[in-house]
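Novice: Starting from the known structure of chain A, arrange chain B on it as the hints suggest.
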Amino acid sequence: MPNSLQDKANQSPYKKMLQNCLRGELRIVNSGLPQSQKRLSSLLEEKYPHVVCNDGSTHFFKRNELEYLASMLDTDEQKALPLPMLIELGANQAEAAVICEGQLEAKIISKALDMPVTCEKRRIRIYRPQLALLRRKFKTTTVYVFSPKIVT
Amino acid sequence: MPQLIRVRPTKIELVKLKRRLSLAQRVQKIVKDRLSILTMEFLHTARDTAEAKRKLLDEFSKLYRALSIAAGYHGYIALEKELITTESDLKITAGSRNIAGVRIPSFELMDNAKPMTEYNLVDTSSWVDNAAQLSEESLRAIVELAELQRNFELLAMEINRTKRITNALEYIVIPGLQATINYLNMKFEERDREEKARLKRVKVLVAQG
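Same order as they appear, the protein sequences are chains A and B.
The numbering of the first sequence is my numbering, which starts it at 6 and goes up by one.
The numbering of the second sequence is my numbering, which starts it at 833 and goes up by one.
In short, the hints are calculated from the structure, not lab data.
Careful, some of the hints might be misleading.
Among the chain A residues that face chain B by a calculated CB cut under 7 Å, a handful are [claimed, not checked]:
| no. | residue |
| --- | --- |
| 1 | Gly37 |
| 2 | Leu94 |
| 3 | Ala137 |
| 4 | Thr145 |
No residue lacks a Cβ here, since even glycine has one placed at the ideal position from N, Cα and C.
In isolation and in its complexed conformation, chain A is listed as follows:
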């Protein structure tokens, strides 16, 4: 076995492919993030409500979801709510965090989950079962972000 280590340092094509594959994994997990968020009011006015993602693809919103969100908020709040909402997955597998600008997201999540939530350091912490419930209600208006603390 030791002799094999002293052989030429060339890696097998399989190993090279695996390394490329691993680097590709890091790239694709956050490829679906939007380049910029849009406000709910402007999305409601669009014929085909969508945002452009980092990889150049488009992320479409379902109109009924947008209307459901609009029914929870008044006109000023609709102008302030950025969409899609970002759900951050961090080092702790048991919980996730919704990234929020203000109290609007907290209001929506609180109504959707039917429980009080608090916004701390621009994050609303929720557990996995609540995340499942939230995703069920907001399939197109939320997207996952893999935390930059893990992805570098």
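Specialist: Structure of chain B alone, referenced to chain A:
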């Protein structure tokens, strides 16, 4: 037993291997997170697909019953003549969305499409109205099921792919890297010991001389 990687036994290679190990461990963490998210979405989609399928079958059964009654009341030829005028192109918005790196399709039936009740309301009965209303609901259910079914397939394929990567990392890549790093460390320690022994021997020889 993990397979050792073929590298030159040098310190630079050891540093490179340690970097590769740290990358592999980070990727493993992300891939595992991604797998858990995809599994959660897959289970939801499976549940929703089953529900949508059941709903579609119910809608179809109601629709066929309503159509049979309408056909019985008006006669097939008269009903067909009335329904020819309601033929219209279906307008569906097709887009895509992204779930943890998986691009999945999204379909939505446009509301402003031509309604199905454009037949002569004077010559037809409420049975036809009922059948038309049920067919609109069935169309909606078909579009919903089409989206869910495709999402279900795409998520399942991605879960399989991600599982293969997780297993490769867990059982081949990381153990291989760790074993090689351990081997190189042992090799360097052995070299140090040899060097010390050689120096001691030289010292003895010098003292004797």
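Novice: The structure should be examined with respect to each hint, and the outcome stated for every one.
Specialist: Status of each hint after checking the structure:
1. Gly37: 3 Å, holds
2. Leu94: Check passed: Cβ of Leu94 (chain A) comes within 5 Å of chain B, closer than 7 Å.
3. Ala137: 6 Å, holds
4. Thr145: 5 Å, holds
Going through the hint list in order, the structure satisfies each hint without exception.
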